[in-house]
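J.: Just so you know, the protein sequences line up as chains R, L, G and X, in that order. Using the numbering used here, you'd call the opening residue of the first sequence number 1 and step up by one each time. Using the numbering used here, you'd call the opening residue of the second sequence number 1 and step up by one each time. Using the numbering used here, you'd call the opening residue of the third sequence number 1 and step up by one each time. Using the numbering used here, you'd call the opening residue of the fourth sequence number 1 and step up by one each time.
Keep in mind that a hint or two might mislead.
To be verified - Coverage of chain R stretches by chain G, computed from C-beta distances (three or more under 8 Å per stretch; other residues unrestricted):
id, region
1, 69 to 76
2, 98 to 104
3, 107 to 115
4, 157 to 168
5, 202 to 214
These aren't lab readings, by the way, just hints derived from the structure by calculation. Note that this is a predicted model, so its numbers are computed, not measured. For each residue, glycine too, the CB sits at the ideal point set by N, CA and C.
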Amino acid sequence: MAEMTYLQAISDGLRTEMRRDDRVFVIGEDVGVYGGAFKVTLGFQEEFGPWRVIDAPLAETAIMGGATGAAIMGMRPVAEMQFADFVSCAWDHLVTVAAKQHWRVGIPVPIVLRLPSGGGFSGGPFHSQNPESSFAHIPGLKCVCPATPEDAKGLLISAIEDPNPVLFFEHKHLYRRIKTEVPEERYTTPIGKARTHREGRDISVITWGAMVYTAEEAAQQLENDGVSVEIIDLRTIMPWDKAAVLESARKTSKVLVLHEDTHTGGFGAEIAATIAEEAFEDLDGPVRRVTAPDTPVPFSPPLEKAYIPQVEDVVKGLRELAEY
Amino acid sequence: MAEMTYLQAISDGLRTEMRRDDRVFVIGEDVGVYGGAFKVTLGFQEEFGPWRVIDAPLAETAIMGGATGAAIMGMRPVAEMQFADFVSCAWDHLVTVAAKQHWRVGIPVPIVLRLPSGGGFSGGPFHSQNPESSFAHIPGLKCVCPATPEDAKGLLISAIEDPNPVLFFEHKHLYRRIKTEVPEERYTTPIGKARTHREGRDISVITWGAMVYTAEEAAQQLENDGVSVEIIDLRTIMPWDKAAVLESARKTSKVLVLHEDTHTGGFGAEIAATIAEEAFEDLDGPVRRVTAPDTPVPFSPPLEKAYIPQVEDVVKGLRELAEY
Amino acid sequence: MAIAREAEPVGSLSEVREAGLDRVDLFDIYRNMLITRGVEERGHILYRQGKIPGSFYTGRGNEAAAVGVATAMESQDVGTPLHRDMGVHITRGVEPWKIFAQYMGRADGPTHGRDGNVHMADIHLGLIAMVSHLPAMLPVAVGCALAFRIREERRVAVGWFGEGASARGDTHESMTFAGTRKLPVVFICDNNQWAYSTPTHLEYATEHVADRAQAYGFEGVVIDGTDVLAVYREAKRAVEKARSGGGPTLLECLTLRMEGHAVHDDAFYVPKVMFERWAENDPIERYRTWLRENAEMTDEEEDEISTGVKKLLHDALTRAEESPMPETSTLLEGVYATPEELDTPHHM
Amino acid sequence: MAIAREAEPVGSLSEVREAGLDRVDLFDIYRNMLITRGVEERGHILYRQGKIPGSFYTGRGNEAAAVGVATAMESQDVGTPLHRDMGVHITRGVEPWKIFAQYMGRADGPTHGRDGNVHMADIHLGLIAMVSHLPAMLPVAVGCALAFRIREERRVAVGWFGEGASARGDTHESMTFAGTRKLPVVFICDNNQWAYSTPTHLEYATEHVADRAQAYGFEGVVIDGTDVLAVYREAKRAVEKARSGGGPTLLECLTLRMEGHAVHDDAFYVPKVMFERWAENDPIERYRTWLRENAEMTDEEEDEISTGVKKLLHDALTRAEESPMPETSTLLEGVYATPEELDTPHHM
Ligand SMILES: Cc1ncc(C[n+]2csc(CCOP(=O)(O)OP(=O)(O)O)c2C)c(N)n1
Ligand SMILES: Cc1ncc(C[n+]2csc(CCOP(=O)(O)OP(=O)(O)O)c2C)c(N)n1
Ligand SMILES: [Mg+2]
Ligand SMILES: [Mg+2]
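Just chain R, same shape as in the assembly:
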């Protein structure tokens, strides 16, 4: 084991795979000499050379289409968007080509797309978004949203191994803030399996990414009120671990779904709708959603704080549910 930040764990997972499998290569803007905007690939070009750590032109469709073509030819590309927000420029490629190629003609497209996402540092409307819900709706794509360094490494390796397009949402606000023990050796964390972040009896919180930590703080406050909160860290939202969520919902009978993306049509709606349908008879209260409001992400700190779900917001939601 070694202490690693969330960011270091991602680098470590990527480096591990690149050393193990020379089909793995990295492509993106400024990933080479510069090591990427967040320095995830710092030193990679020295180690692996310019044709395995490729500085791409400012052209997201060329990057993703290039990754797909290379993948079909047997490579294992790991593409980086400089910020998750810019994946909008490769939307067509991902939903039209990459997502549908296997179902249509049986060709696997084993690509990984690393997406530095999320807010919390005044990145403004175009450097803070959480676009996972948009992609989770597209059959053929997988979406991974790790919250811990250990999961980040293990899920990245799983994503590279996976024979499908995997969007790997890494939360920028966790990059350097979260540091824990991470196994030094290679390991995989299964895509599609949730993790019980905290066991509880009275209310379940279903969440992922940076919101796991917000939920944790809220749960601690509720503990003081004598309310025991369970936190399910989904880890991957497509496929999502319906079984684990329903199990927790049936156990506690009350559920709060929490995410940093906006409310309407966010992936929380899918989770809430599914729980409300499939655990209908087990619920002692309505499934609540705590999310960002339906606006772009604001830049100025007080606005951003009002936008991103805060511990108080979750506490409030949990108290309401507890009293229901």
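Given the structure of chain R, go ahead and fit chains L, G and X with the ligands onto it with the hints provided.
T.: Same frame as chain R, but now just chains L, G and X with the ligands:
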């Protein structure tokens, strides 16, 4: 009143606005000489000239970006995607520029985007999609999905009047199949107001677009069983008429949400989650969703039939709810 | 003002021999062109018989361009042909009965009824299936070339696009990336002068699409797309240049789309004289005449080929019609690939 | 091989007079360049003081290019300037205190704290706010030009893009559409030789970005972007050509980005000599010398301008710091526009 097909009603609405307001112009691929792939603008270029009915290059971002720029300069562009599926090529422009410009800097972007969508005629994976859910999740965009000729005309005029980007999803399978009386004069149908397509007491179906007709047939079958089905045609899904939906849900206590788009993360999830949360105490059964499965749209007729929700599927869902 | 090089027509047999084609090759090219047209002609009949669901697209007039380019590719090369490029599939060896099955949405088509028309391809023959969105396969072709460059393989990727689709951003990003990295890719513009009903001057403002190659740092060549041997010669040059590290080339094959955009379109917007003029340049007839005049193709040889093609297509139709419709139970399969699939020779 | 025209430097005062600038104009240009740099220098200080949240981007080295182009625009013209183009906002008349308020996320910034940096613009001054996604505003600029063309107004739209962003599809679609329709738009490439850490040869494979103009059917011109008068002269020509129906022009202003990509970036990847060489070409110093040598700018005049600028910026800072943070209650407002807003003079 005049008998008009759904398609004629759209043409009529558009022509009405172009005659009334010379800021309105049409831009898209083959909309001029050819009159558009579905002939919605047939004869328009003769009447309005080549600079108000503009044959654009095969370049969806140029079309939509061009519409936005022209709108900011005071025009009222109505852009056409040849098929709704191709809007994926303008995704970035719509979600990044058009959706956020007003909230960020107070500039309205009054554009309308006509999107021939939906399946039912072996169009295959790229000529049959219903991408409304993807856009309904983006704050700043409006999404309209008329089911009747009357609503198609009235909502199109409302969309053109609206100071925001409005995505106008017109269902191709209704174009020539549905023909009803439509007022010949100009009128508007409010964006954001649902229509009670059929009154009922026992179960509510919430739906839109071509599925309204599927629901109607299913409701007729249920009537024979003595079950009275109410059908709410949402008409617009962003903003969606939560009040009307909740009212119907509270009245019948049982709800089925029906759409032609795929299941996971479809807009039905938002509706179901909202009903389950806000009408929790009024429900006598779980909110059921009947949707397409999570696959691309298949080409071959038996597969397509298995994909698109059929009357039998709705009947089955309704019977289960009735017996719940 | 044209910037691209304008390719000379091919004249003599000796010239062709130099370009690497023997008499058998020349006849194969002829056969492939006949099969290509034959498949599409029979497609029209099937469509009129109500056996093809949805719409129906063909590439009449583009047989020489498609077959010419595909003939210049080696078996280890790969490509992303489009809806006018049936000749590429035929030349690479796809069996016509599978194409008919695809047209009719049957279980034995390459997509098992999931997709239609020419939205198919056999990866084992080095072809990757197109999507409708044009030209979304160009970046994929460039990605194939990227893999070859990374692995230092002597392989080439060929990416097709229409002159209409040249207006889209994907074309630009693909050529920019390929040009800056000198990737082993050849871009083929099927310039059939119409994008649905839109004429070329509304799609690009240069004389030729190939004039744009210079903007990406490589050569552009305009070729008479009805001259299969000229197409072959230029494609061969470009493919071998790419193979030997010389980077991309843009070849523009000029033809006329000899039918409507799809079967429902009567092409009223295309001037009649245009059809008449180009009908005189029918690529198959032109090549047949050349073979008679330059390669001494005899009546018997010609007859053998055309009889063979007719029989092939007849048998193919019969076999395709025997293919069942897909089972609806298969609909949900294969949205995601399984790990085992990566171990199959799909991935080359 | 360069294809674009390479613009001559501007020499004498008479030449400048011909281009339409009198002595007051010349001093205004100088003042605008000083304000531009001053705003960004003070921005750096604010950033170090912890008063600017998030990141911070400036356009040091680009003052001449931005001010030169903006000076060539008429008041009825419009544009979509980018993150290196502060000089455009200044020249069009935005008040510096609002920019500081924007930097600091205050309620009185043009976006009221909703967006940061130069993600702002005053539509009343004919400017449309940029988004981060590059170059997503180019199609919008083309759309403005389209409106002018439809209404037959003698107005011009100016769209900016970086040499890095030239690789994206939006650049291509914009130029294709504008070129085929001869729309009244001028494309300005801020070529500062780096796209973040990426050098130009990985973004395009021609000598100049302007070499690409030909591929879209219009002229490309490369200009020394440190020569404000040359930029002005070429921009004026291009703007007036567009205004009189001559269609688009692509002007490439060659500079060096004199700082890191943003404040966090020390630009270790830029060769030191490159900075040294371009520091000798500082656009402001270059123009000051020209004014002294050619326009007889006196010590007093120079002093008056620089003192005025200092005071302006000092007052602006004070006023901006007095601006409150936005009320959180405002967050939900304005996601959608109301019909009344369309009746305001926003829409021009
Ligand atoms: C991105 C995109 N937009 C629109 C269409 C609809 N469409 C299908 S073919 C076509 C014209 C294509 O013209 P061209 O590229 O010249 O190819 P051709 O069909 O003439 O071979 C159009 C507009 C499409 N397939 N893809
Ligand atoms: C579509 C898109 N992808 C990535 C980025 C991230 N990014 C911000 S600036 C930049 C470099 C831009 O280079 P250039 O166009 O030359 O402009 P410059 O910053 O040098 O003025 C990058 C990659 C972006 N803003 N937009
Ligand atoms: Mg064409
Ligand atoms: Mg730059």
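J.: Hint by hint, say whether it matches the structure.
T.: Here is what the structure says about each hint:
no., hint, verdict
1, 69 to 76, "holds (count 7)"
2, 98 to 104, "holds (count 5)"
3, 107 to 115, "holds (count 4)"
4, 157 to 168, "holds (count 4)"
5, 202 to 214, "violated (count 0)"
Hint compliance for this structure: hint 5 alone is broken.
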